[in-house]
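**Q** Start from chain Y and add chains E and G according to the hints.
In the order they appear, the protein sequences are chains Y, E and G. Using the working numbering, the letters of the first sequence correspond one by one to residues 1 to 265. Using the working numbering, the letters of the second sequence correspond one by one to residues 1 to 346. Using the working numbering, the letters of the third sequence correspond one by one to residues 1 to 290.
Calculated from the structure, these hints are not laboratory results.
In silico DSS-like links for lysine-lysine, alpha-carbon gap of 25 Å or less:
1) G:278 <-> Y:55
2) Y:70 <-> G:278
3) Y:28 <-> Y:70
4) G:278 <-> Y:72
5) Y:55 <-> Y:28
6) Y:72 <-> E:204
7) E:204 <-> Y:149
8) Y:127 <-> Y:149
9) E:204 <-> Y:55
Bear in mind the structure is a predicted one, so any value in this text is a computation, not a measurement.
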Amino acid sequence: MSAILSVEHVGMRFGGLTAIADLHFDVKPGEILSLIGPNGAGKTTAFNIMTGFLKPTTGRVLFEGRDLAKTKPNEIARLGLARTFQRTSVFANDTVLDNVLIGLQRFGEPSLLERLLPTPRALALEKETRARAEAIIDMVGLSARAHEKAGSLSYGEQRLVGFALALAIEPRMLLLDEPVSGMNASETQSFVGLVRKVRDAGVTILLVEHDMPMVMEVSDRIVCLNYGRLIAEGTPAEIRNDAAVIEAYLGKSAAKLDLKEAANA
Amino acid sequence: MTRLIAPLFLVVFALVPLWLNDPYLMNALIITGIFTICAMSLNLLLGYTGQLSLGHVAFFGIGAYVSALTALGFDVSLPFGLRITHEGGSPLLGFVLAILITGVTGYLIGRLSFRVRGAYFVIVTISFAEVVRLVALNWVELTQGPLALTSIPNMTLPLPGLGDLTLRTKMQNYYLVLGVAVLSYLVVARLVASRFGRAMRGLKENESLALSLGVNATRTLTIAATVSAAMAGAAGSLYAHYIRIIDPDVFLFSYTVTMVIMVVAGGKGSLAGPLVGGLIFGLLPVALRPVMAPEAQWIVYGGILIAILFVMPNGIVPALANLTARRRPASLTKTPETPAEAGAQS
Amino acid sequence: MDQLLQHVVNALVLGGTYALLGIGLTLIFGIMNVVNFTHGALYTFGAYAMYLAAVALGLNFFVALPVALVAGLALGALLEFVLLRPLRRSDIDTTMLVMIGAGIILQSGTLWIFGGVAKAVPTPFPAEPLVIGPVSVSYVRLFVLAAALALIALTYVTINGTKLGRAMRATFQDHDTAALMGVNVSLIYTATFAIGSALASAAGALLGPVYVVFPQMGDLAAVKAFAIVILGGLGSISGATIGGFILAFAEELGAGYISSGYRDAMGFLIIIAVLLVKPTGLFARAERIG
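Isolated chain Y, as found in the complex (with noise of 0.2 Å):
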């Protein structure tokens, strides 16, 4: 089966300093991929390559067959490709209801007239939306905190927030930057439901995730990253004996990285 999603030889540099040498990996349709590596790996920023916040030095990256290189993020994802944020994943002043409302506002597009005029229609329509924010919000078991700002929210619950506001886009693929990170360990398992509902409703999932053990457990498959290079790719069970991986991590390379992290920061 083609790839979903394409990374073709992906380089960025931002001045002098490489952020990603060469990544290239695909994404099959309808499964859980895990992006990992160290802190300063690249991830992020390959992810904000995917979703057309950066532009990439060179390579592509292809989008079910779609060339992205000159796709805004907006159109990006009405493409259907979603993706969370790892820092400011909320609208902190909203209430989670208008979260996800605001994630829900290119549905219906009415007319400019029936944006001034309250039409049936547009009342329809504004209360079809409800009902679908509704549904979202139900099925991230946020209903209990659906009229408080998202802001009061604690971490974890943030984060769900976050991730019910990419599937009100309904996305065919979602991106997720550091999910778990703030949630307990039952939250995390309750998400790990989570995310397998969702990709069984038919959405390709890709994970930046710090959490090993929860990568081990979603993932169909892994990519490791260092240095903005992609250097093992394969299943949890690959992954977890890869030597470069166990290095990247723990080995004697850990010092330098140390002092490299410092520098880039």
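**A** Relative to the frame of chain Y, chains E and G by itself:
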């Protein structure tokens, strides 16, 4: 609570001319109303998209000139031997043209400056206003330059079955301004409550996140700029047909500043904010005039602007809303400062 | 041809002060992320400080000039300390609005104290211009150009060659990291705003004696400074320097060959051209995001 402010304003101000006979105060109220419309239009941009138009007076002034020239007529020669002659027509047509032309102008300015985010829109609008002022000053054939356009006719409304009604009295103009203000309020209220409003709010709060959800930033911001400019243009038209004389001073930066203070003090991003701010800063000059020189008044306004931003950065109306909300037994959830704290909490 | 030569000389003289204005504004924006709407008022302030020092106090012209510069430095430091420091965590809109408020107070205050009548500042230079072939230029303008270039050079040396400059550049890159590296960011902000203000003030003090001094003189100067900064790219010092000269040339040639009434519209035309062709300015550096 703050939902009641707008209807309350409408009822109170609809009744004012019935008991107020003082022409000076009526005049102050009409001008206040016109600037409140400007403040509402500015709020659509500053309050809901976070983009500040510091050349808002340009749209106001263009609206005034377009409307006045449509009513008065003009005869200008252009390069290449072209010549445009317009006989003069109905002020109502001027009002409509003022809205259309300022809308298109706002659209163009938006398309141009929203290509990049940051302070660009502010800077483009402020220098645009300066250029329009220069044009008004130098294109004497069209605008009479510093000599001003005079004898602009009052607004005329065609009433079905009754013929044309020319609004000559203060009371008539008062109700005209009130009517346009109500319409403007409703337009902003509907826009903000719609999907379009959600897109604006998303962009303002977290642009990257909004983009990732498919919000078209340029388009959303440009539409907001278009509507906002058209509304300021409508206010400019009202001004021209009420005051009946306009000169390049309608493009003064201090008018923009007045609008900004009205919005910021009243509460940007709240529907009632510009109404409250507009009323306060529309009538404050009336109160201060006997006791202070204009320069001293401006020092006071500048001080109030700073004080509001320090004490209640969201403005008066949201501050009031917070106050009333706090009295209710709120289900306060503590915001975790760190992920660790969040973990410990749950 | 002779006329063109004259325009070029005029533009060079004007460009120096424009560059000063632009550098001050772009420095503050780049390092502090503040759109400084007191910039025009500080320009006016510098001109009035020059007037007070040279006319009211009767100081020597060459003594009055540094006095005006130091006065701008002090006022800038004060503004930063009182208004911006408490708002460090606020967004760019809030600080911009506060600066608008401060600008109004400064300008209205000037009008209140000095009145609207323009003041002249006498200069020690000979009234008759220096004539070289077809070109004539007054001595005071030549001095203004020399002083402006000296101040620009001083700014470059400060930023690229001193400890303060190194800390400023680190803060420009990333203020959080700079703070971690032991830079006193608060101090850097105050210093930056003071230096930017001093440059605006110096521009006013230099041009005040060339033209006249009046309370609204800063309005146009501020709009031009914004045009220069957009032209050079927000935050780029060399961009602002070159941008200052480009604007001066555009104005001088536009006024000479198109229409003098629209001289001050050139800045806007430049802004439009830049936004159409290269929106981030001619000399912007690539930003790292994410």
